[in-house]
Amino acid sequence: MNIVNSFLFYLESIKRLISGMTTYRSQFILKFLSDLTNLALSIIFMKFIYAVSPGIPGWTFSEYLVFVGTLYSIMVLSDIIFTKMPFELEGIIEEGNFDNILSKPINSLLQLMAKSFDVERIFSLIPNLVILIYGLMQINNGFKIINIVTYLTFIILAFAFYYSICIILCAITILMTRSYIIGALINLLENLSYYPLTIYPKSIIFTFTFLFPIGLMAFYPSSVLLGKITWFYILPLSGVTLTFASISILIYNLTIRKYVSAGG
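Heads up: the sequence shown begins at 13 in the numbering used here, then just goes up one per residue.
By construction, these hints were calculated from the structure, which means they are not laboratory data.
Just so you know, even glycine gets a beta-carbon here, dropped at the ideal spot from N, CA and C.
Where hints are given, some of them may not hold.
Below, in silico cross-link-like pairs of lysine-lysine (DSBU-like), each with a Cα-Cα straight-line distance of 35 Å or less [what the hints assert, rightly or not]:
#	residue 1	residue 2
1	Lys-96	Lys-59
2	Lys-240	Lys-214
3	Lys-59	Lys-214
4	Lys-156	Lys-116
5	Lys-240	Lys-156
6	Lys-270	Lys-96
Cβ-Cβ distance ranges computed for the label pairs, FRET-style [claimed, not checked]:
#	residue 1	residue 2	range
7	Tyr-62	Ile-158	41 to 51 Å
8	Ser-250	Met-188	52 to 62 Å
9	Ile-157	Leu-200	46 to 56 Å
10	Pro-66	Ile-158	39 to 49 Å
11	Lys-27	Gly-103	19 to 29 Å
12	Met-149	Tyr-271	44 to 54 Å
13	Leu-122	Phe-155	30 to 40 Å
14	Ile-118	Phe-73	40 to 50 Å
15	Met-188	Asn-152	42 to 52 Å
16	Pro-69	Phe-244	18 to 28 Å
17	Phe-155	Asn-112	44 to 54 Å
18	Glu-106	Leu-197	17 to 27 Å
Could you build the full structure based on these sequences and the hints that come with them?
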């Protein structure tokens, strides 16, 4: 199946999911309120930290709002599009339907993405964007075009990195079927992203930049937008992300081959 048909397949799948939103309206509202409450508590906690202490070194509260708004927006949008892929795959394998996925003339990862689209979290993106915009309005120091472009590029790289993680977790799910470490690994990734890299030792900064680029989740996008770093980071981080994505796809494809061989 060519790229256009694959894209149309994905859009049609999403359309069917969104059309069913009204069926589960109460569940949708509860999920939104839960996300909103968790976000509000996080902001209140950080406001308290900044009220009783100097806060995070090198970051004002408004700058941290930009950081958090960026991080949560990336996470929520990722949750909407692909974070549920490993969990969806786990259920498919347990039900014995993974062979049906592989037999279709559509990329298996695209099928998993279509099945994993989380309609319930769509409106949860709004409060995160509000926090981001509010933080930017509080700073209001005139943002350079090159910094805005680099910010958006870093966000794309962040999605690519996070998606690569989900691909690797899908490979683990195929090998282990029911793996309780999947949720733990995703939570760990998110927890490590909650604070600017500047609070970590240089060895950790290097690791989270060039080996396992967690810094893309919020630190590098918000830092370049706020003028804390230059756009030159875009070149090495693009290379790191491309390498990480290539490795994740290679791992997944090797796992699929092993699965097919084991199944005869």
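Hint check results:
As the CA atoms of Lys-96 and Lys-59 are separated by approximately 31 Å, the hinted pair is consistent with the 35 Å bound. Distance restraint check for Lys-240 and Lys-214: the Cα-Cα separation of roughly 17 Å lies within the 35 Å cut-off, and the hinted pair is therefore satisfied. This hinted pair checks out: Lys-59 and Lys-214 have alpha carbons roughly 27 Å apart, not beyond 35 Å. About 47 Å separates the Cα atoms of Lys-156 and Lys-116, which puts this hinted pair outside 35 Å; it is violated.
For the proposed pair Lys-240 and Lys-156, the alpha carbon gap of about 12 Å is at most 35 Å, so the pair holds. At most 35 Å may separate the alpha-carbon atoms for a hinted pair to count; Lys-270 and Lys-96 meet this at roughly 23 Å. Separation of Tyr-62 from Ile-158 is about 30 Å and departs from the stated range, judged on CB atoms against 41 to 51 Å. A beta carbon spacing of about 32 Å between Ser-250 and Met-188 contradicts the range 52 to 62 Å that was offered as a hint.
Look at Ile-157 against Leu-200: about 36 Å separates their beta carbons, and that is not inside 46 to 56 Å. Taken as a hint, the range 39 to 49 Å is violated for the pair Pro-66 and Ile-158, whose Cβ atoms sit roughly 31 Å apart. Range check, Lys-27 to Gly-103: about 22 Å between beta-carbon atoms, so the 19 to 29 Å window is met. The given range of 44 to 54 Å is respected by Met-149 and Tyr-271, whose C-beta atoms sit roughly 51 Å from each other.
For the pair Leu-122 and Phe-155, the beta carbons lie near 35 Å from each other, so the given range of 30 to 40 Å is met. In this structure the supplied range 40 to 50 Å holds for Ile-118 paired with Phe-73, their Cβ-Cβ distance being about 47 Å. Separation of Met-188 from Asn-152 is about 50 Å and conforms to the stated range, judged on CB atoms against 42 to 52 Å. The given range of 18 to 28 Å is respected by Pro-69 and Phe-244, whose C-beta atoms sit roughly 23 Å from each other.
At roughly 49 Å, the beta carbons of Phe-155 and Asn-112 sit within the given window of 44 to 54 Å. For the hinted restraint 17 to 27 Å between Glu-106 and Leu-197, the CB-CB distance of approximately 19 Å keeps it satisfied.
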